[in-house]
Each structure stands twice: as C-alpha cells, then as structure tokens.
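S.K.: What follows is the residue order along each chain.
Number of protein chains: 2
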Amino acid sequence: MRVFNFAAGPAALPTEVLEQVRAELTDWQGLGASVMELSHRGKPFMAAAQEAEATLRELLAIPAAYKVLFLQGGATAQFAAVAMNLAAAERTVDYVNTGAWSKKALTEARRLTGRVNVVADEAASNYTTVPEQGSLRPTAGAAYLHYTPNETIGGVEFPYVPDGAGVPLVADMSSTLLSRPLEVARFGLIYAGAQKNIGPAGLTVVIVHEALIGHARAGTPAVWDYKAMADEGSMLNTPPVFAWYVAGLVFRWLKAQGGLAAVGARNRAKAQLLYRTIDTSGFYSNPVAVSCRSWMNVPFTLADPRLDPGFLAESHAAGLANLAGHRSVGGMRASIYNAMPLAGVETLVAFMKDFERRRG
Amino acid sequence: MRVFNFAAGPAALPTEVLEQVRAELTDWQGLGASVMELSHRGKPFMAAAQEAEATLRELLAIPAAYKVLFLQGGATAQFAAVAMNLAAAERTVDYVNTGAWSKKALTEARRLTGRVNVVADEAASNYTTVPEQGSLRPTAGAAYLHYTPNETIGGVEFPYVPDGAGVPLVADMSSTLLSRPLEVARFGLIYAGAQKNIGPAGLTVVIVHEALIGHARAGTPAVWDYKAMADEGSMLNTPPVFAWYVAGLVFRWLKAQGGLAAVGARNRAKAQLLYRTIDTSGFYSNPVAVSCRSWMNVPFTLADPRLDPGFLAESHAAGLANLAGHRSVGGMRASIYNAMPLAGVETLVAFMKDFERRRG
Chain L
1 MRVFNFAAGP
11 AALPTEVLEQ
21 VRAELTDWQG
31 LGASVMELSH
41 RGKPFMAAAQ
51 EAEATLRELL
61 AIPAAYKVLF
71 LQGGATAQFA
81 AVAMNLAAAE
91 RTVDYVNTGA
101 WSKKALTEAR
111 RLTGRVNVVA
121 DEAASNYTTV
131 PEQGSLRPTA
141 GAAYLHYTPN
151 ETIGGVEFPY
161 VPDGAGVPLV
171 ADMSSTLLSR
181 PLEVARFGLI
191 YAGAQKNIGP
201 AGLTVVIVHE
211 ALIGHARAGT
221 PAVWDYKAMA
231 DEGSMLNTPP
241 VFAWYVAGLV
251 FRWLKAQGGL
261 AAVGARNRAK
271 AQLLYRTIDT
281 SGFYSNPVAV
291 SCRSWMNVPF
301 TLADPRLDPG
311 FLAESHAAGL
321 ANLAGHRSVG
331 GMRASIYNAM
341 PLAGVETLVA
351 FMKDFERRRG
Chain V
361 MRVFNFAAGP
371 AALPTEVLEQ
381 VRAELTDWQG
391 LGASVMELSH
401 RGKPFMAAAQ
411 EAEATLRELL
421 AIPAAYKVLF
431 LQGGATAQFA
441 AVAMNLAAAE
451 RTVDYVNTGA
461 WSKKALTEAR
471 RLTGRVNVVA
481 DEAASNYTTV
491 PEQGSLRPTA
501 GAAYLHYTPN
511 ETIGGVEFPY
521 VPDGAGVPLV
531 ADMSSTLLSR
541 PLEVARFGLI
551 YAGAQKNIGP
561 AGLTVVIVHE
571 ALIGHARAGT
581 PAVWDYKAMA
591 DEGSMLNTPP
601 VFAWYVAGLV
611 FRWLKAQGGL
621 AAVGARNRAK
631 AQLLYRTIDT
641 SGFYSNPVAV
651 SCRSWMNVPF
661 TLADPRLDPG
671 FLAESHAAGL
681 ANLAGHRSVG
691 GMRASIYNAM
701 PLAGVETLVA
711 FMKDFERRRG
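Chain order of the listed sequences is L and V. Counting from 1, one number per residue, gives the positions in the first sequence under my numbering. Counting from 361, one number per residue, gives the positions in the second sequence under my numbering.
Be aware that one or more of the hints could be misleading.
[Said to hold, decoys possible] Pulled a few chain L residues facing chain V out of the computed Cβ check, cut under 7 Å: (1) Asn-5; (2) Leu-13; (3) Ser-34; (4) Gly-73; (5) Thr-76; (6) Gln-195; (7) Pro-221.
[To be verified] Simulated pairs of lysine to any residue, SDA-like, Cα-Cα distance not exceeding 20 Å: (8) V:Lys-403 to L:Leu-312; (9) L:Lys-43 to V:Val-689; (10) V:Lys-464 to L:Gly-219; (11) L:Lys-227 to L:Ala-89; (12) L:Lys-43 to V:Ala-677; (13) L:Lys-103 to L:Thr-128; (14) L:Lys-103 to V:Ala-424; (15) V:Lys-403 to L:Ala-89; (16) L:Lys-255 to L:Ile-62; (17) V:Lys-463 to L:Ala-228; (18) L:Lys-104 to V:Asp-591; (19) L:Lys-43 to V:Gly-691; (20) L:Lys-103 to L:Thr-139; (21) V:Lys-463 to V:Glu-492.
[Said to hold, decoys possible] Away from chain L, derived, C-beta distances all over 12 Å, residues of chain V: (22) Glu-411; (23) Arg-475; (24) Pro-491; (25) Gly-494; (26) Thr-499; (27) Ala-500; (28) Phe-547.
Note that these hints are calculated values from the structure, not bench results. All of these numbers come straight from a predicted model, not from anything done at the bench. All residues carry an ideal CB built from backbone N, CA and C; glycine is no exception.
Looking at chain L on its own, in the form it has when it is part of the complex (with noise of 0.2 Å):
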C-alpha cells in the first residue's frame, strides 16, 4: 500500500522506480551483488553514473559548455561552496531574500565573505512575493548574484529568470530544477539538493559553466572545489553510489513521461487545480502573490487553525500523508513534487471539499 505522500523533503519518488530498485536490491544487472556493494570505479557503475549524467544533460539541454557535478552535502553545503569557489574572500557578492533558503544562503556567505549584497529584500510583502521583474540590480562586479527560485517553505516562486547584466547569475534550484523546461545558458551556476525531484537525500548536483571553475580560494577542501571535483569526473572521493543510481533512474523515468515539457504541463495543471481549490473556498487560504506562487509547495491554512489536528488525523486516515506545515509556520504544505501524480492532487482536493463541507 503506498500513500499520496506530499512530504517536503526527502519527498515522494516515483513507485515505478522505487520497484526497480526493489527488484534489483540484492543483484543489480546479475552481478550477484547490490549497486550499493561494488566499486564507484567499476565499469558498471562508472555505465550507470555517465548514463545518469547524459540523461540529465538531454532533459535539460544542458550546453557542453558546462560541467555537470555529482556531489555530497546538500544545498547547504553549497551555499559555502558557491562563495569558496566562485569569490574570493573580499569580493562583493549579491543576494536575493525572498524568504527562509535565501535568508539561510546569504547567512552562509556572510560567514565566509566580508561583502554580502542583499540587492532585494522581500520583508516588507512577509516573504509573499518576489521582487518585479526588470527591477533586479546587480553590483558592478560583484562575483555572482545569488537567488532561489523556489522558496519550499514559503511557496514563493519566481515566474521569471532574473537578468544578471554580465554578473554570473547562482540559483538554488533544490526545490524546482526538473520540474519543467530550463534555459541553462541564463545561469552560471545551478545547485540542488536531490530530495525534492531527483533522488534520495545525500546527493547534491552541481551544473556550473566551465568558466566559473578553477578560480577556487586557497584553503578550499579538495571535495568542494568545483575544479577538482570536475576533473575528477566527481569521484576524487566515493560518491554516494546509491543515490547516484537512483537519480538515473529518476532521471530516465522523466524521460519516459514525456521529458520536462510533459512534465511542465503535468506540474502546472496540479499546481492550477489545488490553487483554484483554495481560492474558491472561503475555509483555505494562501498568502502568496498569485503571479508567484510555486508549483511545487502550496502551503494553506484554514479557517480556523484549531481544525488543523483533525484535518491532518483525517487527511492521514485517507491516504493522504505528511501534509503538515514547515514547523516554523505551522498550517498545511502540499508538496506536489513530479512523483506527485495528478491522481494524488484530485485525491487531496476532493478530500479538502470534504472537510470543509463537514467542519467548515
């Protein structure tokens, strides 16, 4: 029995894929061994990652002029890793806050950075909208402009690409990368922690453009320094093999839906379908500006915040999992991730109609 499980991150995978891996747990391609046993250097797993990393490249298009790394740590290692590498230690460096990961990258940076930029700052909106478009001003010469597109907690997400005007534009892509087609050649450096739409927690990917690499600060460990690890092809240490694998998988298993604009089409029209049911009733809510909010996590709340326990007790009893709120802010978050199926979303509307027709 599986759940419509709307959990943040680690998130839902496909059932598909999560079958294979089953399948294929003890003996993986009749080695007589599991993938997790045998050596990242072995030909069978050097196949499977290079697969992995092909298929990534074809989903997103990704030019030859960037690098494609498969690392370890998080996006939050990355938020350290991205000033280490691409800024030296004096360097202005810019930043976007439009909510928590924003605010936790920038206070990364500041720790490792003496000049961090906050070139926008959403709190006067509480973190409900992201700046206007065109109205985005990078610092001459900063070493980067930081964003993050997709705010998973507050369900911000930003419906355009920011203009860098010639300052390498970074985005935490943890919570979006994948979820629809992506013009790679406006960024310099994209990140994202596996756990929303790639693959089991531990795996991090890195898409940088050769041009940002090698220019590591001294005294950055050899793990994190994009050149190193690039040349490498990511395995100066041991990868995290099996979430590795199951990336590929992931990633050929979006091909098989279709590719990113099938998936794009799919992801907004569950995206639409839950905002309309929100918007519609007079029990749920959602603070974010319409024209900003993310296809991937819809937080809402209702009415009458004392009929949360019932409605996640309910929702639970019906299939319908982990649809709690960030702890910092308490009500609803429907995480609707691509393993999310539009079945699921119908199931969690229909269910929400329910509970408001009986205790709204």
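Dock chain V against the given chain L, drawing on the hints supplied.
M.R.: Chain V alone, transformed into the frame defined by chain L:
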C-alpha cells in the same frame, strides 16, 4: 544469486540487511512510503536515527563525553574538516604516513594548515610496516596526531593504539571501525566513511570528544563545523537518510552477531586462514610485515603476474567477485570486512589452492 564480494569499498553488506531493506523498500513501517521519502525530522526517521546512534554507542561502548555525528563527504571531507575544526591555521599538526590513505590525509591538511609535521614515514619499508610501538613522539603542543589504523590499499594495520602523550589522537578508521572491540577513550576523534563496515557510501561517522568541538576556525562552513552539527543532532541540513537507516540495520545486525568481540574473533579467523594459505604456498605472496597485516584488506600477488587475468576470470566464474588489486598496485586484494562470512574465505582459499595446483 549472491556472489562472495571482496570489493574494498563500496563493499559487501550483510545479505540479511539487504533483504530487510528490500522487503520494506516501498513501504517502511507500514507508512506507505519508503524511508527515502520521509522527512528526517518526522518521528519515524528520528526514532530510527536515534536507535542507530544508541546501538553504535552500545557496540563500541562509547563514553558519554563523546559526540557521535552522522555526516556527509566521506573520509576525504574529514581530511579537511579535522584540520578546520581542531587546529588554528598556524598550529602544528602531526601526521603518521603509513601509505596511500595517510598520504592523502596529510596532503589535504597541508592545503589548510601551515605546519604539518610528519612524525613517522614508513617509506623505507615501501609501506609494509607501521612504526614500532613506543616509537611515535608527538610534537609538543601539536593540535593532534593523525594516523590511519588500517591502510585499505597497502593492507597494513597498526596492531596497537599509539600513545598520544597528551596530544589528541585522530584516526581514520574507515576500513577498520567495528571490525573488533575498540577503546574509544584512547582517541580524541575517530572518523570513518561508511562504505566498508557501516553502510552505503555517502555517510561518514565521526566520534569526537566534546572537549575538541566548538573551536572551528573562522570561515568553517556550517555543515563541517562539528559543534554546529552536534548541536543539531547531525541535522543542521538534510542528512543522508537512507544511508543512515541502512547503517542502523547494520549496527543491529552486528549486535545480533554477538557484538564486536564475537565479530572480531571471526574476523581474526578469516584473516588467519587467508594469510596461512598465502604463506604456506610458494605461489602466492603478501609483502606486509607479519605483525601488521590487515584483518580487513589482504593484498596478494601471484608468482607470475601473467596469470592475473586468468585468476580473475576463473575466480569470478566461481562466484568470487572483485578480487582485482587497487589500480595503483595491481595484483589481487581480498577485502574481508564484517559482511564477508567465513564461508566466503573458505571458498576463496579452496579456489586459490586449486588454481595453484592447476596453473602454478
């Protein structure tokens, strides 16, 4: 069909553990989701994580003054993290060089720390020995003394724990932790990549005395700051939940095997059987001084290296997998970690004798 898998790492896991992982892969604890798909902060995973730590503490009788951390990045990340956490940039740090992994550790330390003092180097023996007991003299005032109790490539192992003489002892136990009982109180810090005796690659266990944390140098990234990680129960960022869960199953399995005294006795018997076979043949040889031969990694050569391809092909066909030596040294290597049953070594030994009879 499962082979006897002699891979050095990622290495064999207990078949019973993998079978449990498989059984609950798509529905863990009746939650209708995989353990990979659930929040690390939810009650089910928190309970599993805490049980894993408690079982590890019980197995190694870890004193309460030590923190146990579940991190990412492998031993190679710790090569840097140890220096960043335990030593100011200009402080002297001591390293013992007994082979490939020691050398990697001290090379990384040199990138980060001004004064790396190599207090012993076994180059004269071509790294087939360790320093004589009692001969190591830490530098007065050194931040720590780092050594590698077991060299995975050279198959060289310390038969004793060095005396730090007041300087905290730091040990890379990636390939030996949990292979036998250990007196943790002799160490300041122990670290181990998981992929030999603990679980899937992508997890690193750090056991550190609380007096050594809280002194990370300025600019240490948060996810590499032992104090920051200890304060957050290793969940400052999303941990590698699947690897942590498997590690917990492995710890439980070790307990069911009778704990580390029983496991150690079995490991000694496995190693003795293999070394005896090598030493009593005129065909196989192992270059390591008898007193410091590894229980975990047994490199050996054939009298005629032209027979290597035949040995590898025939052993593979006999269900004895991954016996090729490390790419840097060639020959053969049998890694016989905890998950390798005595029957595996018995089968290998029988094959070796038969091969020698036919081809020697």
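S.K.: For a quick check of understanding: which of the numbered hints are violated here, in increasing order?
M.R.: Numbers 14, 15, in rising order.
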